[in-house]
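Peer 1: Protein chains in written order, with this note's numbering: chain A, 4 to 512; chain B, 4 to 512.
Worth double-checking, as some hints may not be accurate.
Any copy, or any two copies together, can satisfy a pair, since identical chains are not distinguished.
[What the hints assert, rightly or not] Calculated pairs, SDA-like style, for lysine to any residue (alpha carbon to alpha carbon, straight line, at most 20 Å):
hint : residue 1 : residue 2
1    : Lys133    : Asn342
2    : Lys105    : Asp378
3    : Lys235    : Tyr30
4    : Lys191    : Asn180
5    : Lys17     : Leu52
Rather than coming from a laboratory, the hints here were simulated on the basis of the structure.
The structure displayed is predicted, hence computed values, not measured ones.
Number of protein chains: 2
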Amino acid sequence: MSKSAWQLLGDYLKDTQLLGSIQSTLYWDQNTSMPMAGSTWRGEQLSLLAKQIHARQSCEKFESLIMEAKSELKYLQEKGNSESQLIKDRFRNIELLEQDLKRQKSLDPKLIVQLATAKSEGYMCWQEAKKNNDYKSFSPSLKKLIFLRKEQSNQLAEQRSCWETLAQPFEPNLTINRVSELFEPLKKRLPDLIHRAANICKTKRQRWDLPTADQEKLCKILLNDWSRDPAKTVIGKSPHPFSITLGPDDYRITTRIVKGQPLSCLLATAHEWGHSLYEQGLPSESHQWFAWPLGQATSMAVHESQSLFWENRIARSFSFAKSFWHHFENAGAPIHSGNDLWINLNTFTPGLNRVEADELSYGLHIMIRTELEIDLLEKGLPVEDLPIEWNRRYLHLLGVSPKNDTEGCLQDVHWSEGMFGYFPSYLLGHLISAQLTHTLEKDLGSIEKIIESHKTSTILYWLRKNVHHYGRSLDSEELVQEVTGKKLSPNYFLEYLDNKVEKLSRISG
Amino acid sequence: MSKSAWQLLGDYLKDTQLLGSIQSTLYWDQNTSMPMAGSTWRGEQLSLLAKQIHARQSCEKFESLIMEAKSELKYLQEKGNSESQLIKDRFRNIELLEQDLKRQKSLDPKLIVQLATAKSEGYMCWQEAKKNNDYKSFSPSLKKLIFLRKEQSNQLAEQRSCWETLAQPFEPNLTINRVSELFEPLKKRLPDLIHRAANICKTKRQRWDLPTADQEKLCKILLNDWSRDPAKTVIGKSPHPFSITLGPDDYRITTRIVKGQPLSCLLATAHEWGHSLYEQGLPSESHQWFAWPLGQATSMAVHESQSLFWENRIARSFSFAKSFWHHFENAGAPIHSGNDLWINLNTFTPGLNRVEADELSYGLHIMIRTELEIDLLEKGLPVEDLPIEWNRRYLHLLGVSPKNDTEGCLQDVHWSEGMFGYFPSYLLGHLISAQLTHTLEKDLGSIEKIIESHKTSTILYWLRKNVHHYGRSLDSEELVQEVTGKKLSPNYFLEYLDNKVEKLSRISG
């Protein structure tokens, strides 16, 4: 029996997905095993695959496979199946495939090569500049990347501003207006919360640490409690923790040990596991589905909402501390109660570093970056003025000043690779996590009580049923509306932070 | 400037090599990190790559690239460069490429698919059969594999017998006559040596073990002494130790911990490191060269000669034991002298298992397999009679009888994947190692003295200069003739074993 147009398209997508997952495997290996000197050859392997994948995603064959599948689908619809969910899902798949194809096709291949070169040069230049605290040596690269990314946005010619166009791959349908609508209330209220928390946290804490083997053991206990299936998941180590999916039954995360920060490994594990649980919950029953858009994560903000949920709403909760502190005591840590662990898990000190920032100040780090990249791309902020503007805003919003550009505007990797429009996802993730949690608690009761009765699997089940399975069928705002019945708002996040500072003041007091 | 035909062929080979090295990376990951459930998708990734590679290696484009490069080369030769080594090397490259292409092209694509299926079914069936000690359930798979491999040999239509044809990819130019010429003297003399050694080793040895972390530390010390560059090499763990090259600057080996066998990890490390040193010594100065036949290992026997050299001639030497024993004592092992360690490293007891066999009995395990596979492929030995024949020969040559087929003819994986003609390489490796060592000692003096004065780097330098750099420019026998000035002979190996048994008797006595 000959295959339907839909099946043929599926076969095609699956081979693309296989190649993509091979790319991911090389990336995993590069970050967990590869010896340093292997990087040149690895680069060549990756660019060979990238070429193959780009060709597959932009060629005429692919276009006609999509067109044929669409005609077939219309025919099925006309035959009277128009109301079935399956047909709707298929149309949504086609819509997303067409959108992605249009983007791939509208770019001049020359620009793609120029961008790839500028990214890799920018990244290398940034590494040196950061090491030597030499922003000037990096600014030509940044200028070039901004120029090329503007050109990319021109070629894409969407009904959006430049920054918005570049943000689409991370956050479909995001606009600058919506960003400021969501972030302004935070900008107003976070500084006050930070101030209150800083006053509570002033008492000096005991410094302690744990051996690597003990930290790893604690992570294992954590994930065993959190529905880990060792037949499908691997925990590795890498300098920067990440989560990656290498196949429909192959989920990996990494964590790291940071000297002097005995909770860093556990929290990174919780965070990356949250990412992984989202991927594990995406519709991937069959290999084929795994390759369709509807089987993929909908946005980086939703992804981040899931990692932040498990890190902040579960692992940093009071009930978790109450049920987990004895593992720390057993390992020899100076932790002798739930209070001890909870206070250690929730320290609030505004600093210069985004990655190390706490829940209260994190948002301000993001806002500074988001505003600056919009200024750079759309409002003519000269690249030379970036350090001054960076430092000015840090002093104004967080009350701290970087000693140098290395701990200032050179700290993040994103811009060195021309990645603009990504930063807001981190903060949107906090907002989405808070709003979803609000609904989860309406459905299941207090999250603290659920954790106390060791029923995190109920929480996971709720997330799978209500959040994960949508894949790309809904964008982030649609998803939030669908799950919570309300438009996305910063209030839930602010309320959560307010309660936390309140509780901290009670317990520390 | 437009590229020469030679460069174009090189570019083509390099992309094939990139794909091959991606395949190897997936294989590495599969054996060191992949979660169990990942295997189905991994299989699909690997077969996608295999299809791509096969297409590249058998297509008309490749054929014409070779032809054009050959014409260009002939033109250069006629212009008067016929005597240069470079031109000779290039002709050798072309000759090998043509040979490989001819083999790829002469096979019916249908047969390739049938073989791939039969191999994977055979492997799965063998795993079950071995577990359940059920040879009967495996014999139909074996019959099918023999049938298909015979068909493959027919299609290849070389001027060689069936077994010889199948042995070519492992051991170019090997013949059955040559195998028996080399193995017969061993068959005569090994049983007597085994008997002598068994009488010496009768005193009961103390049982001991070491924790994993200590064994890993000892391996690190070993490789630091043996010229390891951590920027280019990685040591992993896997159930079956192996060595693999993932790029011109990316060499990996694995080792394993075996409970109750505290020397197994060290010796496996030494063995795999020997394989890796050979690969590291192949001509790979540039990425491009890495992709040409002359940059590749010439045969499995030569490969094995290098691993066996580092395992047996270095790590099992008396001087090594004298210089290394204190590391064992420091780790808490009941080893208090060089003698102690040396005796522990050199125990001789004939057994049923090839992988665990000592240097004396190893050859007999190989001969039994080699004769049996020739009988199966060429002399009409019925598959049903394999167990009886296997057991008869073990009793006759080694004086031991398997309790069942699991520890008998089902012990090795090779035949389950239709891999015939591979086994002799293991034993040829012993012979080559011994003969090369003989010449090395003529050049550099006694190997024991070199090790005693901590100059293993001199040995490595000699191997690089005299053995490794030839790649596929010489086959194994040509290589031995070139390096030692003599035809390959079993006498060096026999003499070495004779001396070892003699020394053991002195030291144990």
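Peer 1: Each of the hints needs a verdict: does it hold here or not?
Peer 2: To see whether the hints hold, each was checked on the structure:
1. Proximity of Lys133 to Asn342 under the C-alpha cut-off of 20 Å is found in neither arrangement, the shortest distances being 39 Å within a copy and 55 Å between copies.
2. Proximity of Lys105 to Asp378 under the C-alpha cut-off of 20 Å is found in neither arrangement, the shortest distances being 28 Å within a copy and 62 Å between copies.
3. Taking the closest pair of Cα atoms, Lys235 and Tyr30 come within 20 Å of each other both inside a single copy (18 Å) and across two copies (17 Å).
4. Taking identical chains as interchangeable, the C-alpha atoms of Lys191 and Asn180 lie at most 20 Å apart only when both belong to the same chain, with a minimum of 17 Å there against 89 Å between chains.
5. For a Cα distance limit of 20 Å, the shortest separation of Lys17 from Leu52 qualifies both inside one copy, at 15 Å, and across copies, at 14 Å.
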